[in-house]
Amino acid sequence: MRTRPVLVFDGDCGFCTTSVDLVQRLVRPRCEVVPWQHADLASLGVAAERARYEALWVTPTGRVYGGAQAVAKILLSARGAWPVLGALLTLPPVRWAAHGVYRLVAENRGRLPGGTPACAVPATRAVRWTR
-17 MRTRPVLVFD GDCGFCTTSV DLVQRLVRPR CEVVPWQHAD LASLGVAAER ARYEALWVTP
43 TGRVYGGAQA VAKILLSARG AWPVLGALLT LPPVRWAAHG VYRLVAENRG RLPGGTPACA
103 VPATRAVRWT R
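When the letters of the sequence shown are read in order and numbered with this note's numbering, they come out as residues -17 to 113.
Hints may contain errors.
[To be verified] So the derived label-pair ranges between C-beta atoms look like this:
| hint | residue 1 | residue 2 | range |
| --- | --- | --- | --- |
| 1 | LEU8 | ARG(-14) | 11 to 21 Å |
| 2 | GLU31 | VAL66 | 12 to 22 Å |
| 3 | ASP22 | TRP78 | 13 to 23 Å |
| 4 | ALA63 | ALA30 | 17 to 27 Å |
| 5 | THR41 | LEU8 | 16 to 26 Å |
These aren't lab readings, by the way, just hints derived from the structure by calculation. Where is the CB? At the ideal position from N, CA and C, for every residue including glycine.
Given these sequences and hints, build the entire structure.
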């Protein structure tokens, strides 16, 4: 059994990789970080479709948080003032706004600095994850 949370992200996306590198340097979350392309998704209890769609935070007990709530968990795991920001991201209406901003960024990550065509999220998805 894992003892640390795992942050799963899209390692083929330049924007995602740059963002995760920045988070690791500035926020220094207490977790393992792995691109979904190299992760054992089955052991994490994560579908590849979801991992392609959003960043994921997987707790040692197997609970999965995605998108803006994964970002909140990253911040909550850090030291300093970061957990305060993470806690705010879990509260309505900030949580709702964060979800919208996350979706906007995720769906346009190929157009953002560092983005590449590999960053593009397919326009049609069978499932939309909201947690």
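Each hint, compared with the structure:
1. LEU8 / ARG(-14): 11 to 21 Å: holds, 19 Å
2. GLU31 / VAL66: 12 to 22 Å: violated, 33 Å
3. ASP22 / TRP78: 13 to 23 Å: violated, 33 Å
4. ALA63 / ALA30: 17 to 27 Å: violated, 35 Å
5. THR41 / LEU8: 16 to 26 Å: Cβ of THR41 to Cβ of LEU8: about 23 Å, so the range 16 to 26 Å holds.
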